[in-house]
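Take these sequences, add in the hints, and give me the full structure.
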Amino acid sequence: MARPIKETPILYGEDARRFEERMKNPPRVTPEEREKMLADFKLGMEMLKRGERIRKRSV
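Under this note's numbering, the first residue of the sequence shown carries the number 1, and numbering increases by one thereafter.
Among the hints, a few may not be true.
As the list claims (entries may be wrong) - Here are the simulated DSSO-like pairs of lysine-lysine, each with C-alpha atoms no more than 30 Å apart in a straight line:
#1 Lys36 to Lys49
#2 Lys36 to Lys24
#3 Lys42 to Lys24
#4 Lys24 to Lys6
#5 Lys42 to Lys56
Simulated from the structure, these hints should not be mistaken for lab results.
And the structure:
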């Protein structure tokens, strides 16, 4: 059986202010950083696919 999901904590004070400010002004990502992130994501997905293929062959 799955365990129940705990409630999300509520932020107060300085933590809430910083969180709200960060949501309003997300960090900027340069095109080079975005390209690297996408390449890393694609690599990770390919690794997962290969692992699944290997696991299915060994069963």
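Against the structure, the hints:
1. Lys36 to Lys49: holds (20 Å)
2. Lys36 to Lys24: holds (25 Å)
3. Lys42 to Lys24: holds (29 Å)
4. Lys24 to Lys6: holds (27 Å)
5. Lys42 to Lys56: Roughly 21 Å between the alpha carbons, so the hint for Lys42 and Lys56 holds.
In the structure shown, no violation is registered for any of the earlier numbered hints.
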